[in-house]
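Generate coordinates for the entire structure from the input sequences, incorporating the hints supplied.
Note that the protein sequences, when read in sequence, are chains A, B and C.
Per this note's numbering, the first sequence runs over residues 1 to 408.
Per this note's numbering, the second sequence runs over residues 409 to 807.
Per this note's numbering, the third sequence runs over residues 808 to 988.
Honestly, the hints are just simulated from the structure, not real lab data.
Don't be surprised by glycine CBs; every beta carbon is placed ideally from N, CA and C.
Careful: at least some of the hints might be erroneous.
Quick list of simulated restraints, FRET-style, between CB atoms [claimed, not checked]:
(1) B:Leu505 - C:Ser934: 31 to 41 Å
(2) A:Pro46 - C:Ser934: 23 to 33 Å
(3) C:Lys904 - B:Leu757: 51 to 61 Å
One-letter residues, chain by chain:
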Amino acid sequence: MAQTAPDSKQGASPSMSLDEARVLPSGEREFMLDVRTQDMELNMGPQHPATHGVMRILLRVDGEIVTGAQPHLGYLHRCAEKIGENVEWLQYLPYTDRYDYLSSMNNNLGYSMAVEALMTGLEIPRRAQMLRIICAELNRIGSHLIAYGTYGLDIGAFTPFFYAFREREWMMALFEKICGARLTYSYIRIGGVFNDAPPGWLGEVERFCDVFEQKWVEYYDLLMENHIFVKRTADVGVISREMALDFGLTGPMLRGSGVDWDLRRDMPYSLYGEIWKDGAFKIPVARGEKGSLGDCWDRTWVRVMEMMESIKIVRWCLAHIEPGPIIGDVPKVLRVPTGEAYVGIENPRGELGHYVVSDGGKVAIRVRVRGPSFVNVAVTEALMTGTLLSDAVAIVGSTDVVIGETDR
Amino acid sequence: MLAVTETPLAAPAPVGDGNLVLDLLTGLRPESVPLWAVMATSALIAVGLAVALISLIAMFSTWMERKVAGHIQCRYGPMHVGWHGWLQPIADGVKLLLKEDIIPKGADKVLFVLSPAIVLASLLGAMAALALSPNFFFADIDLGVFFILAMTSTTTIGVVMAGWASNSKWSLYGSMREAAQVIAYEVPLGISLMVPLIVAGTFNLREASAAQGGWYGMHWFVFQNPFMLPAFLLFFTAVLAETKRAPFDLPESESELVSGFLTEYSGIRWSFFFMEEYAAMFLYSAVGAFFFFGGFESPFTWAVAQMAPHTIDLGETIGTLKLLGEGSLLHNLVAVATIVVKAFAGVFLMMWVRWSLPRIRIDQVMTLGYKYLTPLSMVCVLGAALFELAWIRFFGGAS
Amino acid sequence: MNATAKYAKNVWDGLKSSLVGMQITGKYLLQKPITVQYPLERLPIPNRYRGIHYLEQEKCINCLACARACPIDCIEMDAVRHGKELEWVSFTLDYQKCMFCELCVYPCPKDCIHMGTEFAFVSYDRSEFKHDLLSFKGMAREAKIRMLEAEEKKKRKEAAKAAGQEVADEPESDADAEAES
Ligand code: SF4
Ligand code: SF4
Numbered sequence: 001m002a003q004t005a006p007d008s009k010q011g012a013s014p015s016m017s018l019d020e021a022r023v024l025p026s027g028e029r030e031f032m033l034d035v036r037t038q039d040m041e042l043n044m045g046p047q048h049p050a051t052h053g054v055m056r057i058l059l060r061v062d063g064e065i066v067t068g069a070q071p072h073l074g075y076l077h078r079c080a081e082k083i084g085e086n087v088e089w090l091q092y093l094p095y096t097d098r099y100d101y102l103s104s105m106n107n108n109l110g111y112s113m114a115v116e117a118l119m120t121g122l123e124i125p126r127r128a129q130m131l132r133i134i135c136a137e138l139n140r141i142g143s144h145l146i147a148y149g150t151y152g153l154d155i156g157a158f159t160p161f162f163y164a165f166r167e168r169e170w171m172m173a174l175f176e177k178i179c180g181a182r183l184t185y186s187y188i189r190i191g192g193v194f195n196d197a198p199p200g201w202l203g204e205v206e207r208f209c210d211v212f213e214q215k216w217v218e219y220y221d222l223l224m225e226n227h228i229f230v231k232r233t234a235d236v237g238v239i240s241r242e243m244a245l246d247f248g249l250t251g252p253m254l255r256g257s258g259v260d261w262d263l264r265r266d267m268p269y270s271l272y273g274e275i276w277k278d279g280a281f282k283i284p285v286a287r288g289e290k291g292s293l294g295d296c297w298d299r300t301w302v303r304v305m306e307m308m309e310s311i312k313i314v315r316w317c318l319a320h321i322e323p324g325p326i327i328g329d330v331p332k333v334l335r336v337p338t339g340e341a342y343v344g345i346e347n348p349r350g351e352l353g354h355y356v357v358s359d360g361g362k363v364a365i366r367v368r369v370r371g372p373s374f375v376n377v378a379v380t381e382a383l384m385t386g387t388l389l390s391d392a393v394a395i396v397g398s399t400d401v402v403i404g405e406t407d408r
Numbered sequence: 409m410l411a412v413t414e415t416p417l418a419a420p421a422p423v424g425d426g427n428l429v430l431d432l433l434t435g436l437r438p439e440s441v442p443l444w445a446v447m448a449t450s451a452l453i454a455v456g457l458a459v460a461l462i463s464l465i466a467m468f469s470t471w472m473e474r475k476v477a478g479h480i481q482c483r484y485g486p487m488h489v490g491w492h493g494w495l496q497p498i499a500d501g502v503k504l505l506l507k508e509d510i511i512p513k514g515a516d517k518v519l520f521v522l523s524p525a526i527v528l529a530s531l532l533g534a535m536a537a538l539a540l541s542p543n544f545f546f547a548d549i550d551l552g553v554f555f556i557l558a559m560t561s562t563t564t565i566g567v568v569m570a571g572w573a574s575n576s577k578w579s580l581y582g583s584m585r586e587a588a589q590v591i592a593y594e595v596p597l598g599i600s601l602m603v604p605l606i607v608a609g610t611f612n613l614r615e616a617s618a619a620q621g622g623w624y625g626m627h628w629f630v631f632q633n634p635f636m637l638p639a640f641l642l643f644f645t646a647v648l649a650e651t652k653r654a655p656f657d658l659p660e661s662e663s664e665l666v667s668g669f670l671t672e673y674s675g676i677r678w679s680f681f682f683m684e685e686y687a688a689m690f691l692y693s694a695v696g697a698f699f700f701f702g703g704f705e706s707p708f709t710w711a712v713a714q715m716a717p718h719t720i721d722l723g724e725t726i727g728t729l730k731l732l733g734e735g736s737l738l739h740n741l742v743a744v745a746t747i748v749v750k751a752f753a754g755v756f757l758m759m760w761v762r763w764s765l766p767r768i769r770i771d772q773v774m775t776l777g778y779k780y781l782t783p784l785s786m787v788c789v790l791g792a793a794l795f796e797l798a799w800i801r802f803f804g805g806a807s
Numbered sequence: 808m809n810a811t812a813k814y815a816k817n818v819w820d821g822l823k824s825s826l827v828g829m830q831i832t833g834k835y836l837l838q839k840p841i842t843v844q845y846p847l848e849r850l851p852i853p854n855r856y857r858g859i860h861y862l863e864q865e866k867c868i869n870c871l872a873c874a875r876a877c878p879i880d881c882i883e884m885d886a887v888r889h890g891k892e893l894e895w896v897s898f899t900l901d902y903q904k905c906m907f908c909e910l911c912v913y914p915c916p917k918d919c920i921h922m923g924t925e926f927a928f929v930s931y932d933r934s935e936f937k938h939d940l941l942s943f944k945g946m947a948r949e950a951k952i953r954m955l956e957a958e959e960k961k962k963r964k965e966a967a968k969a970a971g972q973e974v975a976d977e978p979e980s981d982a983d984a985e986a987e988s
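What follows is the structure, encoded as structure tokens:
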């Protein structure tokens, strides 16, 4: 075999001459032809069907094999944090909707709780807490439905996407009834919530839960158990326990690697501690059922299972909700006492942290957001190298990034 | 040319039994026009008919695909152009014709323009071997299936050319995948078709269909041999891969390769590829119907064939016309309806599969083709042959 | 699991799960779609819907509370004050900027700015998105009458002051009666 000049060797393409065969663990001998080709640079994105928005991944490919990947962020940067230093406390609320636009309720909750942490003496009424949790969990379902649907789309199954959107539509109609918006809710505000639930709303949530539980079985059978889907996702993009911790992954990405960590249980906020003590919900942690622990299938599995757990939390709240005030004693012109606070909550995508600093004025000194997508997406670079091009798509999909949040 | 049968071309023949177009043209021919011109004209008419057939099939299939996809996904699909949007394909056709025809700057212009033509032309060629009824067909080819398989795999050349000529990385990926996939799946496709061919003993579509006429028109090959159903499943899977349908739509996989080899195409050129895809689906479904599900034969066809013959005289130029009975006009019409319904049932099945399953990865496509379909189809062929032998040995005569 | 069993299991799993998937999709194929044919039929819009604003202009006192509450300053208003009465020049809301957050609605002291259920807002021109919420320009008829009354009263008061007399309350009740009629 003719040897090519060493400088033409690019990337990590493993190549050797015919006679030096690699011995695989199974005892087989693997031969590789000594054909060195130049790697190709491939721009996946910013406009690409699989990047869930405007993320750009610069791939270096050797045929179908990815030899290097580099995610480029920042195409959707909107200076959210800087805006936080320029508008009043309450006025920043609508902006929190917009970083992870699929789970606005949770973002509202995170920001509100961060500000409330500074406001000593402010008590949030129980009904407001309940409404907050119902909305946040419904929103978690909606967000996971999108993750499930678009992941199906990435893998090439179109229909689950539409089924997921069917239920999500209902969820959005519920939100539309309670707060008037379908995507950017701005519902949970500092001190409570904006509106009380309209009459009949809680009953409708109950009906939604009933129907959703039936449909959920279909989701599971249609995609999760599908042989092709399993083959496409199992053993692909494996994140080991250590790697997950090293990269600082949170949320389903972390639990998909078998780490049992959920802020709702481990650092309980709002009423979650009480709900957990009541045994109303469990934390699904992947077990590596279809392949090795921490593969794409496990991550998707965690998301799909979490939808059911959220339904259980919603049901608990529906059973325990009582009439009462919906907002605590918040002055009209909000002046937050001096201090700083960090509050992390369990967003559908992981730990959403808000760090706020106040000097006692009407405007924050600093608002810092720890977006889970931003941290989670970093792992794709390490996972993609050495996989096939189709796997690269599957890996990006399984991180479930929302570009609005990575870039903010 | 519609309707060519055993009768030599030159001899005047009755309708449904000979070449209608050629006969008519010969009858009307003034002395000054040479015979070859007449034959060329009739050939052109046949090509026109084939093109019309392909576009009709493509139009109906696109409408059907949208409807099937829509209803599977709890929506309606097109609803506004005509009743339930049945005129939508025409509106789309007009739109595609009027669209700007874009040839990318770095593209190889000749190949870029040529490849849709090659794709469509090879499919047209394959269409020639398709028989629409016992007496209506374009060309009666003894190696009919063989010809169809050969011609349809030529489309790959067009696709590879398209991918190369587009000068786009995504297109190149698409066409490379297509080439690999077609090579991998031609083998199981051919081998799984061997099973009915063993039973039928012929490559000719019409003859294969005629061999399934017993049992009140239900003596289909699937019921004749226990290895036929697995063979059909293998054939169906291979056809999905051949026609680039999901779960094997890797050449144009949307979420990975943007649009695969179609990325740079637009307007009417793009629609050529589209027409090819749907026409190929129809063609392969028809082949499947011929060799597994009775071809023209159904209880209806059988009933019409059993009717007492009835003919009417239509004057000298045309001759007599058989209305009822075997080989008559009604028989042919029912046969056409049967095969069209069966073929579209196959197309429907492909659509149903497409909208239910995720996409396979390229290495799995290869694994499936080489490690699963090919050996399994060989087992089927072996089993079917042994079964036939045993049947002949113990019961005497074919099953 | 040995290789043959694995092979057979793969074939079986592939076939079975495909059939399960097709069964689910087939079930929906036969059901009625859930699509709403939008321009022909519409979903009911809940009355809390945050659509395009409307203003109860008679009540509004031009206090600018809504404009201050808006995070992106998309409310602009202009009115000339005649004593207590307002002559409206403009009250515009820039829908290119507005994010329908409803923050402008809560601080209003007179509860006169609301968000409606209208949401379809299409235009060929960006400038049209600067929407004027005023239902009339200038002054309402009643306001004008009230203003004239007030002016008259003031004049009379001045005149009375000049004459060193106190004015009775009669003219005011007159004006009320007129406004009601
Ligand atoms: S809805 Fe929000 S953005 Fe729009 S005008 Fe009111 S406060 Fe401003
Ligand atoms: S807050 Fe109410 S009263 Fe004040 S200007 Fe706005 S709409 Fe008018």
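A quick look at each hint next to the structure:
With their beta carbons about 37 Å apart, Leu505 (chain B) and Ser934 (chain C) fall inside the hinted range of 31 to 41 Å. For Pro46 (chain A) and Ser934 (chain C), the Cβ-Cβ distance of about 30 Å falls inside the hinted range of 23 to 33 Å, so the restraint holds. With their beta carbons about 52 Å apart, Lys904 (chain C) and Leu757 (chain B) fall inside the hinted range of 51 to 61 Å.
In summary, this structure violates none of the numbered hints.
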